[in-house]
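Asker: One letter stands for each residue in the lines below.
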Amino acid sequence: MMTKKPPPADAPEIASVAPTRRHLIAALGTAGSIAAFGVKPTTASAADCTPDQESDGTLDSQPFFGKRQSGVVTPQPAAATVAAFDVLADDRAGLEKMLRILTSRISGLTKAGPAPVLDPKLPPAESGLLGPQLYPDNLTVTVSVGASLFDDRFGIAAQKPKRLVTMERFSNDALDPKFCHGDLLLQICSNTAETNIHALRDLIKNMPDLIALRWKLDGFLPPHTIKRAGKDTVRNLLGFKDGTANLDGRDDALMDRVVWVQSNSDEPAWAAGGSYQVVRIIRNLVERWDRTPLAEQQRIIGRDKMSGAPLGMDAEHDIPDYARDPKGDRTPLDAHIRLANPRTRETDASLILRRPYNFSRGISASGQLDMGLLFVCFQSDLNAGFLTVQKRLNNEPLEEYIKPTGGGYFFVLPGVPDESAFLGQGLLGA
Amino acid sequence: MWSIAFALRTRRARPVAAISAAAFAALSLSSQGFVQAFAATDASAPIAITITSKGCEPNAVTLPAGKTIFKIKNGSARVLEWEILDGVMVVEERENIIPGFVQTLTATLKPGQYQMTCGLLSNPKGTLTVTATGTTAASAEPSASDLAGPLAEYKVYVTKEVGDLVTKTRAFTDAVKAGKLQEAQNLYAPARQHYERIEPMAELFSDLDKSMDARADDFEKKEDDPAFGGFHRIEKALFAEKNTAGMEPVADKLMQDVQELQSRIGVLVIPPNKMVGGAASLIEEVAATKISGEEDRYSDTDLWDFQANVDGAQRIFNLLRPLITPRNPELDDRVQANFTKVDGLLARYRGADGQFQNYDKLSPRDRNALKGAITALAEDLSKLRGTLALD
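For the record, the sequence lines run as chains E and A. Take 1 as the starting number for the first sequence in the working numbering and just add one per residue. Take 1 as the starting number for the second sequence in the working numbering and just add one per residue.
Isolated chain A, as found in the complex (with noise of 0.2 Å):
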């Protein structure tokens, strides 16, 4: 038995191996990318497809597109695979069914005409037509002209937020360079919180951000560690050691890695995940690493990158509601309330000149209420992209 099925697939595979690379490309979009996933439906009633010694039955399926469990028995005495073919490629398949088991496969399909392997290659091949679901209600998943607004608003905050970070690191860096140490210590966090708004994107690039953005903590010598660079060992330099002696490199270094980040944002076609999941990822940050007042240590301006992180996530929250409200408003209740904590309790300590207080001012109190919106925060937006069918 093990023998036939070896055989059914070694002569197989040479049709699947001969496909080409573009083949191959193709496979990978249609498999991965974001306009098959819009098109998913919810997974409705398995579909039982039998496969006897002489095919499959039945041997003609209809289904709507979208996520579907198929449920195979083989009702044949030999071993068996059983696949989806779109043309020559194998969409899905099951190995080594055995005579008698029954075996699951979940599939997401797009509209169009598949075949179905029915045992024997000698035995013909079954069709299964995928029909367009054309559902138009709000719990349905967005279309990519649905989100193609939000994404095309938010590459323009992006752009423009790394602009300003380009110009305010470039008068930060001037003024280290120049051994202006107040000057210099007023443009620290201002600088800042246009990376902070657009972290989620910048990861996106971990060489910068590493070199950026790394904390001395990163490293096993921390603070005396050659490779700790960035903003915060010029933070170090101009709050702990008051003194901008030897930055000059690493000024340079930083204005560098800014520059490469804008010219790399500048090209960057924004994914749709990544912008719909970067408002987690940003208060993520916050609650990792604001929370504690690690970030910025020897400034104490946590509150700017604190503020900076939320602002950033509701921008990308605003930019979707239309999109969030009409499918979960519970959901964009409690999340819009807990922004409005939030940034209550942030405005508490910020000066009618703009300026944040320093972040050790922040009561105990206050810290474990912003902790608790903060992580009520992280728990629903961990939500958008389920909630959106961004897988």
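The shape of chain E in the complex, shown without the other chains (with noise of 0.2 Å):
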């Protein structure tokens, strides 16, 4: 076991904490440790619970030491970003002093804590964005890495996760090569765009040498809607709820089935805890979209626009029957709800963990807008996961309105236990 270094001279610690917080989070599990702080809890029995009239926010935090990185299986804040880079380090050493700068930074910026003064005579020691006293904001930097990290530039090749590989393209894409793939990818998320930006500002700010970035997006959830987790869905930019058959992060049995890769599968030993992470940029082809009669909308999707029923079905959350519907009577064969799960015991090997956001960035060279959905999802196995879904949904009718441009394949490190270790120290057997 590593005994804990000081930070790297150019990496000024910035805020300090109380120690019997740090340790609590540290004595207690993932799952305890967001109870313990606080942070809202998507289940219906919690929302019942009298909200904190005091918070704004700003002082939700996640954990970050734990068995595994928080951003996973925890609940989405209402603002992401999602940013992939090149790592610069030329070698193992370097490749480890990224990883040990990243995990002090993101331990430090996820607590609460007076910003570094410094001699104004110098730049500052960071963005000054979120103000003198730092606050967490519900911060997670989840960090995983890509198939290309596994070159024979660090020495560790052999140490990559069996189902990683590159992107490749699905019949539907145009992949934009400045938005696909990366070494790294940090995964921001928090209450707040701006607390993001710091967060990835202080980020690139502390390894400039060490990675480079490479493309980033960012990505927006209604926070009226989220704060009703539970008892509201989300709608993405086509209009439609989307997220009404996700999975529940909280039931740890059903995450360590489909989200966590176990420590007897076949993946290398320090993959155990650790997770396939799949970012797809797909854009909305959304004034067309707007054009499209709402009966052939909701064909396309399979659900009721506006209750979010799946199709001859009342409620949102009612299960639709396909085994009484063979021929696609009412849900067409080719429905997106229908070809994405199926709900047979066969395609239960595929199911995914979905984290997506929406986003909405300038617009195309006809004038027409650029937004869409900032797809994100995590499974245990790449290949019985999103590479399975995407497969039965390729040739969908909602082709017509999607374009995927962006994105890659990523694995989640697993996470820090404590102070004393630091993220992918298992991967570089250190």
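Certain hints may be false.
Simulated pairs of lysine to any residue, SDA-like, Cα-Cα distance not exceeding 20 Å [what the hints assert, rightly or not]:
no., chain 1, residue 1, chain 2, residue 2
1, A, LYS221, E, MET313
2, A, LYS71, E, MET313
3, E, LYS205, E, ALA309
4, A, LYS71, E, ALA309
5, E, LYS178, A, ASP225
6, A, LYS71, E, GLY367
7, A, LYS371, E, GLY367
8, E, LYS178, A, GLU223
Hints listed in this document are in silico derivations from the structure and should not be mistaken for laboratory results.
Assembly of the complex is requested from the two constituent chains, each provided in isolation within its own frame, with the hints serving as guidance.
Answerer: Set out below in structure tokens:
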């Protein structure tokens, strides 16, 4: 086990935190510490509790230390930035240095404390976006790595997760190489875009010689809907409820089965507690969609647009009985929800945990809106999960209205158990 | 209560599960086929039915064909489901209606005699008599025979365009293979226009469309991607590289695809909603990829494609006008005005020889004027299917 090293000189540690809180986090399991810190869980029963009227959410926090990283099964806050990087480190030592800095910065950024004050003749230590008192604001920075990290630079080729590959084009994709892949992916989520930007700028500033930004995309979710999580479902930019049938991140047994790589799997030993992460930038052709008859929109998706109920059913959470609809009279056989989750025993193995955000950025060359879904999902087996689901979705009628343009496949590193450890320690065998 | 409801369902499940594949095919036709859609009328006042422990009240209902809203109240003490049956087939149903609750069901029914279940299996079934509406008002949905004429004419149009596409693509690919650069350049846009006019029909065969008309943007390695083929790969060779070297297999594949398209379209029964929706699809093509000039980026021949898409949409619209005008004269006026505007703007860039100037000759002001008219057309043409009650 490594002993804690002082942070590198060029990476001043920002906030210090009360040891009691830190030790409490370390002492509790992931799920326990979420509850302990008053992060509002999404259960109907918990939502019935009296909310903290005092809190504006800035002091909400997610644990950094734990068996697994936060930002995977933890509830989605309103804002996200997904940033992919090329790793510039020359060798294994450089890679380790990067991972150690990442560990120390993220653990600091996710806590409250005073912003560092430097001699005003120097540039300030950080952006100042959050003011003199830094606050966690529900921040998580989830670190994952791409297949390209396992090339010949760092001597870790043998440690590559077995199913980690470079994303390949599906038939409806128009991939923009400037928005694809990466050695390293940071998924930064918090209550506000500013907190994400604060974290991103801090991370970039502290290791400019080790990582270079490759692409990034910001995502958002409606804050009012998220507050009602469990009672309400976010709508995507096609206007449909998206996530009704998503898995419950609080179901530990289900997450162990679907999301987290287990120690008895065929993956390298270090990968236990990690997860395969898929990111897809899916443009929605919203002008055309808005000019499509409602009935056709609903047939394409398979749900009633307003209520979210599966076609022919009454309520959003009704479970469609496809066995009784073998010809697709109610829910067309190629409806999105039916292809994505056919709800058969055989397709149960292709379950994934989705964690998508909406995005909106600029306009196309033809002057149409460039917006859509920043799709993110997690699974313990990339082949059995996303790749199997996407193969079923290929050539679905929805493709006329969506265009995947970027993203990549990554592997979420296992969590950092305590301050003596660092992200990717097991991977480096350190 | 739940166990009773479950028992009811499982007991009934047997006859339903025993329905033959043929019966399912019939069900599928009746609920999705366009014949049914034409018979539909607008939803009128909801029909309220209360189910008591003894049966349905009322137990016999007569209603016009088309869309009907049923409000089903469970006045019994048990959870129940309510079904509309056509013989043994379940046409529509609501499950798990809790005692004291009302559930709404919207059904579109063809004329005929139906039964409704009324709680316990031992209760008598109710009857639903659906009568033909027989309305002939201009606002009513067109009949299948109203659309038969436009559909037949459109099939003739599509067939002729595909025939011309085959002829001109052969000349084009022959020139490419013979290394006749200038001749091939001249034949490129005139051949494509026949494809662009009927693009919504070609897109019914997405494998061919992707193989013939994909742009470099569709591939991660863009122009260097080995999968990049079809018209635009040859366009790049002719206009950017100015060299036909290596294009022989690409030309052969394109010719094969064009012939395959012709044989598939030869046996295609054009679905009415695809024809009517095709007008909007063509204009959406213009709005998404022609306005920018990204479609024919090497040859700058976008105006050919632009005009061909507009021609194809206008042909569909004109064939349908006799059905549209009486139902929505304002829509007809707006669409005509915008087609005229677009044609007028495009004509400015067309010489006496019928040749279009390069797309970069378009002034920013004309581009914006086209964009406005095209977007307005897209909005209006998106209403065609609904105007003709085609789902």
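Asker: All hints, please: hold or fail.
Answerer: A quick look at each hint next to the structure:
{"no.": "1", "hint": "A:LYS221 to E:MET313", "result": "violated, 45 Å"}
{"no.": "2", "hint": "A:LYS71 to E:MET313", "result": "holds, 15 Å"}
{"no.": "3", "hint": "E:LYS205 to E:ALA309", "result": "violated, 47 Å"}
{"no.": "4", "hint": "A:LYS71 to E:ALA309", "result": "holds, 18 Å"}
{"no.": "5", "hint": "E:LYS178 to A:ASP225", "result": "holds, 16 Å"}
{"no.": "6", "hint": "A:LYS71 to E:GLY367", "result": "violated, 46 Å"}
{"no.": "7", "hint": "A:LYS371 to E:GLY367", "result": "holds, 9 Å"}
{"no.": "8", "hint": "E:LYS178 to A:GLU223", "result": "holds, 15 Å"}
Hints 1, 3 and 6 from the list above are not met by this structure, while the remaining hints are.
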